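Student: Residues per chain are reported as follows:
Protein chains: 4
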Amino acid sequence: MIKVTVWNEYTGQDHPEVVSANPGGIHAVLASFLGEETDFKVRTAILEEPQCGLTDEVLENTDVLLWWGHSAHHMVPDEIVEKVVKAVQKGMGLIALHSSHLAKPFVRLMGTTCTLKWRDGDYEKLWTVAPYHPIAEGVPECIDLESEEMYGERFDIPEPDELIFLGWFSGGELFRSGCVWNRGYGKVFYFQPGHETNRSYSNEHIQKIIINAVRFVAPTIKRNKISCPNPQPAMKTEKIKV
Amino acid sequence: MIKVTVWNEYTGQDHPEVVSANPGGIHAVLASFLGEETDFKVRTAILEEPQCGLTDEVLENTDVLLWWGHSAHHMVPDEIVEKVVKAVQKGMGLIALHSSHLAKPFVRLMGTTCTLKWRDGDYEKLWTVAPYHPIAEGVPECIDLESEEMYGERFDIPEPDELIFLGWFSGGELFRSGCVWNRGYGKVFYFQPGHETNRSYSNEHIQKIIINAVRFVAPTIKRNKISCPNPQPAMKTEKIKV
Amino acid sequence: MIKVTVWNEYTGQDHPEVVSANPGGIHAVLASFLGEETDFKVRTAILEEPQCGLTDEVLENTDVLLWWGHSAHHMVPDEIVEKVVKAVQKGMGLIALHSSHLAKPFVRLMGTTCTLKWRDGDYEKLWTVAPYHPIAEGVPECIDLESEEMYGERFDIPEPDELIFLGWFSGGELFRSGCVWNRGYGKVFYFQPGHETNRSYSNEHIQKIIINAVRFVAPTIKRNKISCPNPQPAMKTEKIKV
Amino acid sequence: MIKVTVWNEYTGQDHPEVVSANPGGIHAVLASFLGEETDFKVRTAILEEPQCGLTDEVLENTDVLLWWGHSAHHMVPDEIVEKVVKAVQKGMGLIALHSSHLAKPFVRLMGTTCTLKWRDGDYEKLWTVAPYHPIAEGVPECIDLESEEMYGERFDIPEPDELIFLGWFSGGELFRSGCVWNRGYGKVFYFQPGHETNRSYSNEHIQKIIINAVRFVAPTIKRNKISCPNPQPAMKTEKIKV
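Residue numbers (the numbering used here), protein chains in the order written: chain A, 1 to 242; chain B, 1 to 242; chain C, 1 to 242; chain D, 1 to 242.
Source of the hints: derived by calculation from the structure; they are not laboratory data. This structure is a prediction, so every number in the text was calculated from the model and none was measured. Check the hints yourself; a few may be wrong.
You can't tell identical chains apart in this list, so a pair holds if it fits in one copy or across any two.
[Unchecked claim] Calculated cross-link-like contacts (lysine-lysine; reagent style BS3-like; alpha-carbon spacing at most 25 Å): (1) K236 x K86; (2) K117 x K241; (3) K117 x K222.
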């Protein structure tokens, strides 16, 4: 079983178009389709819970953390951020969704500013550039999203270890929409679709990508402690005199 | 001085729109603006010359080879292709332009099929994703090309060592338009604009990119011979008995 | 089931130390431990069989091809090499073992010379640098090989997409011993241990790595045909007049 | 002119072997040979100066910052660290030397723990794996360092954008000793040699590498502000009705 925790800041519920796009909140929509996978055990966590719902017990029992945040990035305490970062470095997978490009744990793991261009309401065509990648398994070469927030380059990220999806936007921009990085023993996947007033998480292909990504970033092993060991030499060597 | 050779298959001169887009041939247009750089020494070579204009003497005296081919890829003899490939592996820079994605030397150096999607006459917006890269120096974040051949993903190339430009096309596709790879001691830059009936090589920004690329792929050193040496050990080592 | 074909040039059987190190040939030793995995269906092929044992039927029914060659690289016909290369580009995984760094299919897929330094009979310590990688699952951080052929840098390969193992040699050299590249829809893993007079393929950890690698390079999908499609536009776009 | 600032924590001066290995401090030794390059303008800064010697004025007038720290990482205030990180993200080059693998600015830019193995007093052979790289220009394929601190894998860093040097150690370990990453508009080079009781910075080849690195990480452009712009669309697009 892959233990999955879906985190959402869960704000904006006073906007009807936010509520209607993702009834019950984005975490509920994500947990709903993820929960249908028989090898996933899914729970959710939100900002207003104690410790943002991310207690030590929760993090220790999470293989893959999905993160959706936007207007409340600054409300996540640095102490929680450090725990999430350490959990990734020890092996927990992280999937940063849409506006989580500026979520504190993602920015900390990248080491860059993660800034980009944006504009509401473009038509997006999401292209697969690495069709052989496990995250693209069963995904069509192009997914049409009739309305999405445009995210455009220059996206200030480290060169991805693997670039899997590129987004084309009707207003003239494009974006590295699906990227993978290793950080310590953990894998990080950033995925661009998912604006709070759009219905991308109801798209079957977007769901397939997120399901694939959970399996891909799930750890094979976790590291227990972080230290700099000082071993004895195993070999005795000297320079050959010529 | 960087010794530059511009190679062009130089076909299609019976089509007036080819002739008018690049008067004198694409090699002449490229050599003209490259020749204005005081640190470049530029010559041209074309398919119909003996040995395609790429004699041992020419290759030995070339730091950077630009290549433009399209309908006559198959007419370049394999023997010449091998010489070009070896020259790159020893340090010569190669800039493969536009439809040279299927030129034999480029395909040999990539190890993939280098296939892609295509369609004539789209509007292209060429975006810089690595603005800090020497090839992007002095280049705007977006270059508008009013008419270019659409090249679309999936572009079957090895993961680029560096991805510098992405192309957005009006019909809905996008493309990894500017990519760098190391092959042996040589650097390879693939650059998408430059269809034979369009005037992209007259665009000042496209010219700037190609000029920058010549300097970037010019070798710092060249390898003289290709061999597998069998050295004596430098160290005497044994396992420490525990 | 993953359909595995183990290819070996199977030469040197007139040398007793070759025969005793890998009784029945390296292909037999590899097939023996691979055959114990219940999700693998393993067959072997050798140079002296018709078409090197690599008929169209065999290649079409191979998910992962292991390749061991050394003194007979030149005896593999180019026609067979091209078929192997195309099969990889369409999705077949390739594991190139030890002296197969100069095997024609590997060199064709890399696009470099794949030269290196070598010397018989060093002590090797094989270090894991990507312990989180599926190929390193269950593998100790360091494997001691009491006698192996030293392979040393500069190894003339393209920058690996993933570097998993580094080899330390008692005479003073080191080597990028375990590397992964994507080529088309296929994954390629190069793995250094396995000299014909040494017993590395009897080491349980080396076996574990090769078993892991088979699962890792096995394709999720295969590409049927290689072509450059010419699609109709999906979008109608014009520049906004300002 | 490349404006170079050499930062050193400058501790341990009560240990005679530290003083004698690098008279005047490591910053003085580095500044001395860097100062001989006619295109470099070099200054130094140390921990005990106000604001660690890294005032806004100094950082704004620094193209390349060299950093050497070890036992006093924790004494660099987080506010200074953030300024250094931001300066790199805007384009300043950073060269992190030896035990600066745990310096706060380096760790922040990597997003990993940067832990490793260590042991005093090994013999090191430093091998060039990317001889074509500008940082390796004029550098021999192997540099012998008769006494250096062993740094060993697993080095917990993100996959380097370019791996240039590997270190072999007499006790049986090896290390990714020279690595480059892009972070925002800035380049980061980590370089392993330089223990405080050894004389590696007096080695002419080590000096050559550091001089080359300064030129390589010097910015071509700097980014002025860090923001997420909200541009108007440039194109008007609609889906083609079929």
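Student: Each of the hints needs a verdict: does it hold here or not?
Tutor: Verification of the hints:
Taking the shortest alpha-carbon separations for K236 and K86, neither the intra-copy value of 37 Å nor the inter-copy value of 42 Å comes in at or below 25 Å. In this assembly of identical chains, the alpha carbons of K117 and K241 lie at most 25 Å apart only when taken from different copies (21 Å versus 62 Å within one copy). When the C-alpha separation of K117 and K222 is checked against a cutoff of 25 Å, the pair qualifies only between copies, where the shortest distance is 19 Å, while the shortest distance within a copy is 36 Å.
In terms of the numbered hints stated before, the structure departs from hint 1 and from no other.
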